[in-house]
Amino acid sequence: MSEYRGCQLPEDLYYDLDYVWLRPGSDGLFTIGVTDPAQTMGGRILSVHIKKTGKTLLAGRHVATLESGKWVGGIPVPFAATIVERNEALLADPHLINVDPYGAGWIARLRPEDPFRRAGRRRPHSSNGSTATTSSACAARIRTCAASAGRRNCSRSM
Amino acid sequence: MQDIGEAFAHDHRRLEQALAASGSHVQAGHWEAAAAAFAGFRDGIERHMAVEEQVLFPAVEKGAETPLTAILRKGHRDLRVFFDEIDDALSARDAEEYGRIAASMRALLERHDEKEESELYPAAQTQLGADAAAVAARLAD
Numbered sequence: 010m011s012e013y014r015g016c017q018l019p020e021d022l023y024y025d026l027d028y029v030w031l032r033p034g035s036d037g038l039f040t041i042g043v044t045d046p047a048q049t050m051g052g053r054i055l056s057v058h059i060k061k062t063g064k065t066l067l068a069g070r071h072v073a074t075l076e077s078g079k080w081v082g083g084i085p086v087p088f089a090a091t092i093v094e095r096n097e098a099l100l101a102d103p104h105l106i107n108v109d110p111y112g113a114g115w116i117a118r119l120r121p122e123d124p125f126r127r128a129g130r131r132r133p134h135s136s137n138g139s140t141a142t143t144s145s146a147c148a149a150r151i152r153t154c155a156a157s158a159g160r161r162n163c164s165r166s167m
Numbered sequence: 555m556q557d558i559g560e561a562f563a564h565d566h567r568r569l570e571q572a573l574a575a576s577g578s579h580v581q582a583g584h585w586e587a588a589a590a591a592f593a594g595f596r597d598g599i600e601r602h603m604a605v606e607e608q609v610l611f612p613a614v615e616k617g618a619e620t621p622l623t624a625i626l627r628k629g630h631r632d633l634r635v636f637f638d639e640i641d642d643a644l645s646a647r648d649a650e651e652y653g654r655i656a657a658s659m660r661a662l663l664e665r666h667d668e669k670e671e672s673e674l675y676p677a678a679q680t681q682l683g684a685d686a687a688a689v690a691a692r693l694a695d
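Residue numbers (our numbering), protein chains in the order written: chain A, 10 to 167; chain C, 555 to 695.
Just so you know, these hints were derived from the structure itself, not from any lab. Model, not experiment: these values are computed from the prediction.
Computed beta-carbon distance windows for the label pairs:
1) A:P19 with C:A684: 47 to 53 Å
2) C:E560 with A:P19: 46 to 52 Å
3) A:D109 with C:A604: 36 to 42 Å
Virtual Cβ for every residue (Gly too), placed ideally from N, Cα, C.
So here's chain A without its partners, still in its complex pose (with noise of 0.2 Å):
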């Protein structure tokens, strides 16, 4: 697990820009979430509506709306996919987000078309076994996290 200002980013994710995650499965399936310093930088989730089960969505477009009282945002899926599985429990429970945003926080199961099409987007670890090119997205968003240190800690909003 790696760790900035007390923000986790788990290393055997996936990273795409605008806050995603992705975590594959063994079914072909991929779950997908916001990152830890995303719901940091957003705050105490208030609403999450997430789009539903059987919608194909195109690449970039939204599977989830999250508001706080600060932010409002929509959730973009990296690749064109269809919703087979959302978190009925996140939908109760937003909050979830900011407690556990890898685990219980996820947000939807999305059946992909082709996960690797678009550019841009990087494993988490090369085929080498390098993690040189880990998550460049996600880096971005830690220097946008550090940058705003200043005015509060990038530590999860619990």
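Chain A is fixed; fit chain C onto it per the hints.
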């Protein structure tokens, strides 16, 4: 002579009215009028965001993205996805989907506009100085 804050805040209010007009047409089942109103809103807000991205953000960044401009850029990206989704809902004549997306978009716009008016525009006004009036005039181009 308008300053940055006055000109852009006035444009926010004008765009809110254009979006509301589209919603009223949807509620009335006037889909072609709704699509035309939304197209007008989208043209206007794209021009508004372009001036912000091309002039105001660089003016306050001075070469390096700041937490403020990072979150405002994220807002612009999200808004453009919402615009596409609204267009889809209008094409499908799906009032329920239109209403859900429009509600999320209005909530985003409310917070986004407030942040711009309280933080971005005052900072840009300071940085742009004598050039501010010409930038404000670009909204009407």
